[in-house]
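Protein chains: 2
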Amino acid sequence: MREIVLHEVGLRDGLQIERAVVPTDVKARWARRLAESGVDMIQLGSFVHQEKVPQMADTDELFGLFLNEKGLERGLACGVRYFCLGISASETHSRKNTGMSIAEAQDRIVKTALAARAAGAAVQVSVQSAFGCSYEGEVPEEQVLDIVSRYLDAGLTMISLADTVGHATPDRVTRLFSRVLQLDAQVECACHFHDTYGLGLVNCYAALEAGVTYFESAFAGLGGCPFTAVTGGNVCTEDLLHLWHRMGKRTDVSLDPIVDVSRDAAAYFSRELPGKIYKTGPIPPVRPALG
Amino acid sequence: MREIVLHEVGLRDGLQIERAVVPTDVKARWARRLAESGVDMIQLGSFVHQEKVPQMADTDELFGLFLNEKGLERGLACGVRYFCLGISASETHSRKNTGMSIAEAQDRIVKTALAARAAGAAVQVSVQSAFGCSYEGEVPEEQVLDIVSRYLDAGLTMISLADTVGHATPDRVTRLFSRVLQLDAQVECACHFHDTYGLGLVNCYAALEAGVTYFESAFAGLGGCPFTAVTGGNVCTEDLLHLWHRMGKRTDVSLDPIVDVSRDAAAYFSRELPGKIYKTGPIPPVRPALG
Numbered sequence: 003m004r005e006i007v008l009h010e011v012g013l014r015d016g017l018q019i020e021r022a023v024v025p026t027d028v029k030a031r032w033a034r035r036l037a038e039s040g041v042d043m044i045q046l047g048s049f050v051h052q053e054k055v056p057q058m059a060d061t062d063e064l065f066g067l068f069l070n071e072k073g074l075e076r077g078l079a080c081g082v083r084y085f086c087l088g089i090s091a092s093e094t095h096s097r098k099n100t101g102m103s104i105a106e107a108q109d110r111i112v113k114t115a116l117a118a119r120a121a122g123a124a125v126q127v128s129v130q131s132a133f134g135c136s137y138e139g140e141v142p143e144e145q146v147l148d149i150v151s152r153y154l155d156a157g158l159t160m161i162s163l164a165d166t167v168g169h170a171t172p173d174r175v176t177r178l179f180s181r182v183l184q185l186d187a188q189v190e191c192a193c194h195f196h197d198t199y200g201l202g203l204v205n206c207y208a209a210l211e212a213g214v215t216y217f218e219s220a221f222a223g224l225g226g227c228p229f230t231a232v233t234g235g236n237v238c239t240e241d242l243l244h245l246w247h248r249m250g251k252r253t254d255v256s257l258d259p260i261v262d263v264s265r266d267a268a269a270y271f272s273r274e275l276p277g278k279i280y281k282t283g284p285i286p287p288v289r290p291a292l293g
Numbered sequence: 003m004r005e006i007v008l009h010e011v012g013l014r015d016g017l018q019i020e021r022a023v024v025p026t027d028v029k030a031r032w033a034r035r036l037a038e039s040g041v042d043m044i045q046l047g048s049f050v051h052q053e054k055v056p057q058m059a060d061t062d063e064l065f066g067l068f069l070n071e072k073g074l075e076r077g078l079a080c081g082v083r084y085f086c087l088g089i090s091a092s093e094t095h096s097r098k099n100t101g102m103s104i105a106e107a108q109d110r111i112v113k114t115a116l117a118a119r120a121a122g123a124a125v126q127v128s129v130q131s132a133f134g135c136s137y138e139g140e141v142p143e144e145q146v147l148d149i150v151s152r153y154l155d156a157g158l159t160m161i162s163l164a165d166t167v168g169h170a171t172p173d174r175v176t177r178l179f180s181r182v183l184q185l186d187a188q189v190e191c192a193c194h195f196h197d198t199y200g201l202g203l204v205n206c207y208a209a210l211e212a213g214v215t216y217f218e219s220a221f222a223g224l225g226g227c228p229f230t231a232v233t234g235g236n237v238c239t240e241d242l243l244h245l246w247h248r249m250g251k252r253t254d255v256s257l258d259p260i261v262d263v264s265r266d267a268a269a270y271f272s273r274e275l276p277g278k279i280y281k282t283g284p285i286p287p288v289r290p291a292l293g
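Taken in order, these protein sequences are the chains called A and B. 3 is the number of the first residue of the first sequence in the numbering used here; add one for each residue after it. 3 is the number of the first residue of the second sequence in the numbering used here; add one for each residue after it.
Check the hints yourself; a few may be wrong.
Listed next, the stretches of chain A that the computed footprint assigns to chain B, with coverage defined by at least 3 CB atoms under 8 Å from CB atoms of chain B [what the hints assert, rightly or not]:
#1 158-172
#2 196-203
#3 252-261
#4 275-283
Straight-line alpha carbon distances no greater than 20 Å define the calculated SDA-like cross-link-like pairs of lysine to any residue that follow [stated by the list, open to error]:
#5 K98(B) / G139(B)
#6 K281(B) / R174(A)
#7 K281(A) / K251(B)
#8 K251(B) / R177(A)
#9 K251(A) / K251(B)
#10 K281(B) / K251(A)
#11 K251(A) / R177(B)
#12 K251(B) / R174(A)
#13 K281(A) / R273(B)
#14 K251(A) / R174(B)
#15 K251(B) / D173(A)
Derived by calculation from the structure, the hints in this document are not laboratory data. All residues carry an ideal CB built from backbone N, CA and C; glycine is no exception.
This is chain A alone, in the form it adopts within the complex:
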C-alpha cells in the first residue's frame, strides 16, 4: 500500500460552489491534463440533484466521454470502480443537506455502499463535518466515532473524515484519526480538509503523521460546500503535492500539469484562486547569483 494516495476532487468539490457552470468540454480538458500528472484518483463529478447542484448535471456525460477514451483508465478509477458516499456528523447539516437525520442517512448510505461493493466496486464512506459545523459549532468526537463504528460494523473500512467548513486543527486531526485507527488498525483512512482559515496543509501534515493514506484536494484550492453557512476552498492539490515533493514523497507525480489546470481555471473564472504554487511556482533547486 502506498504511504500517500492523491485524490483530486476539484472537478466535483472544487466546482460545485461556483456560480458559472463550467461546460463539459472545459471539464474534460482539465480532467485530461490532471490525469497526465499521475495523481492516483480524479473525481469527475457527483450524481446529485441537478437543480441543487447544476454544476454536476453533466456527470453522466463526462463519465461516458472518458469510458470511451483509452489510456485514462488509471486516472478515472474513482467514480467508475470507486464510489465515494457520505453523511454528515452534524444533525443540522444532515437535515439541511439531505432532509434526513444522521441515522436515516447512514442506513441509506450503508445499503447503497454494500450494493455498490456487491457489484464489484470499491467504496469509500465518509463523515462530513467531522471536525465542526457552521450550524452546530463543535461536533463531539464520540458522535463521529459512533458513525465510523457503524460503518465498520457493516464491513466498510475505507473511511474519510471530511472537514467540510475548515474547523479542524492539527491536534484534533491527530487525536480523531488515532481513535479511528484504534477502533480498527486495518481502516484505510482518508482526509478531506478545507483551507477556510489557512489550516489545510497543517491538517494534512498531522493526518499523514497519524497514519492517514488518502488525501483529497482540489486544483487551485477551488471549492467549498454550498449547503453550509461558511464556505472555503479545498486544500490546494499543487500546494500539497509541492509539500510532499519537498519531503521527498510522491515525486512520481508531476506538478506542472496541475499548475497548468489551475492557471487555466484562474483565467476561466477571471479571478485569483486560493492556491499559492500556481502563482509562485515551486521552490527552485538553485537560483543563479544575481550580483
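Following the hints, position chain B against chain A.
Positioned in the frame of chain A, the structure of chain B alone reads:
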C-alpha cells in the same frame, strides 16, 4: 517558562520590504494597538544602514517615543532589553547582506551579543537561511549546527532559526530543531518562518512539536527579505494566534487588536495582504441556523 512566546516582528521584518516608507506616527499607532493584544514581544525596528533599508530609519525615534510612554514596557521588552542579532548560514547570502563571510559575521555578532549581555540585555542570536537559500539552494544541516555550536560555545543559548526565503518543510523543521536541542537541551529555541510557498503554519506546528518556544510572525503576513532573490511574507501573526487559540493555547492574547492593525495596514497599502483571518474573521463558536 511559557510553552509559546509570541514575538511580533511586523514593524521590522514586515515593513522593511515595502517601497512606501510608513510614517513614524502610523508605526506608533500600530505598535500601540499590537501591544494591546498582549503579545509577548514587539520588534519596533532595526538599527541598520538607512540607505539600505529606509523603512527602518526612524527606529531610534520610535524607541524614544515608547520609552517615554507608560504602560507599554511589557510589549516593548524586545529591542530595549532584548536584542536580536543574526547571521546567515549561506555564504552567498552572508556576503550579499553584510559583505562578510559567515565566520567573520559570526565573530562580530558574538562580540556584540556578549557586549549587550554584559550591559544587562537579553540577547537572541539567529541563523538566517537556516532551511535553504535562494542563491545556494539547500543549506547543509551541519553548516547550521556548526553556527549554533559556536553560539553555544560563547554561552549564547537563545537561538532562532530563520527560514528567510520560505524553503522549510515540517520534517526538516522537526529534525533540525531536535538536533539543536540534542546539542544542548537548555537552548531556548525560536523559529522564524516565511510563508512564500504556503508552509508557514505547518512549519510552526512542527516547531512547537519539536520543542520550540518562541514564534516570530508579522501582522497580516507582511514582509520578506529585500536581499534575497525570492521574497515572501512572514507567517501571519493573527493566523498563527488563531491556530493556537483553536488548540486551547495562548487564549490570554487577543486576536482583535492584531486583526485591526492588519485591516488598517491593508487599507494603508491599498492592497490585499497575505493573512487570512483579518479577512475571514476567526471561526465563530456557533452560528445560528439559517433555514
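Each hint tested on the structure:
no. : hint              : result
1   : 158-172           : holds (count 4)
2   : 196-203           : holds (count 5)
3   : 252-261           : violated (count 0)
4   : 275-283           : holds (count 3)
5   : K98(B) / G139(B)  : 15 Å, holds
6   : K281(B) / R174(A) : 24 Å, violated
7   : K281(A) / K251(B) : 33 Å, violated
8   : K251(B) / R177(A) : 17 Å, holds
9   : K251(A) / K251(B) : 31 Å, violated
10  : K281(B) / K251(A) : 33 Å, violated
11  : K251(A) / R177(B) : 17 Å, holds
12  : K251(B) / R174(A) : 13 Å, holds
13  : K281(A) / R273(B) : 17 Å, holds
14  : K251(A) / R174(B) : 13 Å, holds
15  : K251(B) / D173(A) : 11 Å, holds
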